[in-house]
Amino acid sequence: MDDTLSDAPSLVTDPPVIGAPQAAPRPMLTMTGVVKSFGANQVLRGVSLSVAAGEVVVVIGPSGSGKTTLLRCVNLLEDYQQGTVTVDGAPIGYRIDPRSGQRQRMSERDIAASRETIGIVFQSYNLFPHMTVLQNIVAAPVRVKGVPRAKAEARARELLALVGLSDKAGEYPVRLSGGQQQRVAIARALAMDPKLMMFDEVTSALDPELVGEVLAAMQQLARDGMTMIVVTHEMSFARDVADRIVFMEGGVIVEEGKPEQMFAAPRTERVRQFLKRYNDRYRI
Amino acid sequence: MKMLAPLLHSYWYLFRGAGMTLLMAGAAVLPATALGVVLALVHVFGRPMARAVLQVYLFVVRGIPLLVLLTFVYYLLPLTGIDLPPFWGVVLVMSLYYAAFMSEVFRAGIESLPQAQWDAARSLGMTRHLMLRIVIFPQALRLAAPPFVSQCVSLVKATSLVSIVGLWELTMASREVVERTLAPFQIFIGAALIYFCICYTLALYGRYLERRSLVGH
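Protein chains in written order, with our numbering: chain H, 148 to 431; chain E, 16 to 232.
If we strip away everything but chain H, and leave its shape as in the complex, we get (with noise of 0.2 Å):
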């Protein structure tokens, strides 16, 4: 666990002030009736979730239950055929016209402005090779969004120290660890000043050793009160970071529900099992 990331200020640019009076938490996702086929396959059978400004939430399942898809589906690197996701209000990908009552796609340009509030980390991290790691997380907010260079490298440094990365600026991604690269490529979806950060299955492919210093930051991030879905297998995260848990599998919800109440009394023989499994292999 790196030791930096514990201590670090805030990650997020304008994190929610802590004592503040709460009012009544507003729904930053919102995805009703989403349903996805690939081909005949339907991946998504009517999915609808919603997601509270601030609020962590956790999808576990098995593989091929469609969490993956789900997140694709939210910032529409998988087109969905039926349904709607708004973030903040603001729908993605497709609007109602309210004359006809027809859902109708956005343009392409709509779609990349609406996919600059959305962060999304991958599993294979998917920096970019030919860019170092500072090009990486300013070439976003210089390009897409306008910010004047010394203002984005500013920012970029900052987040790189936030993720224990200061010395690594001038580095290209492949002389990274796996580890080093993840946190790279949250450091570059937090460029953008995301409302939503959705992490698919971002340990899955590091190291056991590595995975502490990705959850370290993605700790730090959920404590700022970022907005997050977050796709993973790693149990303890979910039970010690998550607000809410979602269990999904053959394309919908089976159960969703407070960590506490998931890990020790899970309502459904399925969630059961799944977390039997786990218990049994990681004791958790």
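Because the hints were derived from the structure by calculation, they are not lab data.
Keep in mind it's a predicted model, so treat the numbers as computed, not measured.
Here a beta-carbon is modelled for each residue, glycine too, at the ideal position from N, C-alpha and C.
One or more hints might be untrue.
Said to hold, decoys possible - Residues on chain H that point at chain E, a partial pick, calculated with CB under 7 Å:
hint : residue
1    : Leu224
2    : Ala259
3    : Glu263
4    : Asn273
5    : Phe275
6    : Arg290
7    : Val291
8    : Val294
Fit chain E to the known structure of chain H by using the hints.
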């Protein structure tokens, strides 16, 4: 030394021919590259109809020898009323011909990038144009650089065919010298050496690009 006298007496003439070869190749490489990039983009992003037309074009071009095309255009163009100087007629044919091969080189470069790179660029809010410019092209062009240089080498060598339609360049210049000196062996060895030097320099450049393409990979 006496044996090489015909070559030593006419080397400057051969160099002038080589200059014309390079000029012709250079004039054809630029439009062939530009058109190759456009055709590659049509292949990757185009609508089905555009891609079908492109496929037909690629099959036709790849299925006909360059010499046949050159001869065909040499006889056809005057009949159509298009009065194009022979040099530009040849450049046009070679550009269209090599654009087909170069489009395959660039298409392969673009398509060999993992989907993850596209996903990452899209997820950061990049439009397609921006994504191509700063993420896809820099990587795809580096991957495509070595085969691209091979195509350039092939194009330089192919210029030797244009002497058949009466255009003057290194091969034609060599033939003229041979007719004068009756020393084909020496003269064509000289011409071959010049072709080799041009192509070997290009190949070295290709290797340099290949090494450079490994940066960050």
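Cross-check of the supplied hints:
1. Leu224: With a minimum Cβ separation of about 5 Å from chain E (threshold 7 Å), the hint on H/Leu224 holds.
2. Ala259: holds, 5 Å
3. Glu263: holds, 4 Å
4. Asn273: holds, 4 Å
5. Phe275: OK, holds: H/Phe275 within 7 Å of chain E, min 6 Å.
6. Arg290: holds, 6 Å
7. Val291: For H/Val291, the interface hint holds, since the closest Cβ of chain E sits about 5 Å away, which is under 7 Å.
8. Val294: Violated: closest Cβ of chain E sits about 12 Å from H/Val294, beyond 7 Å.
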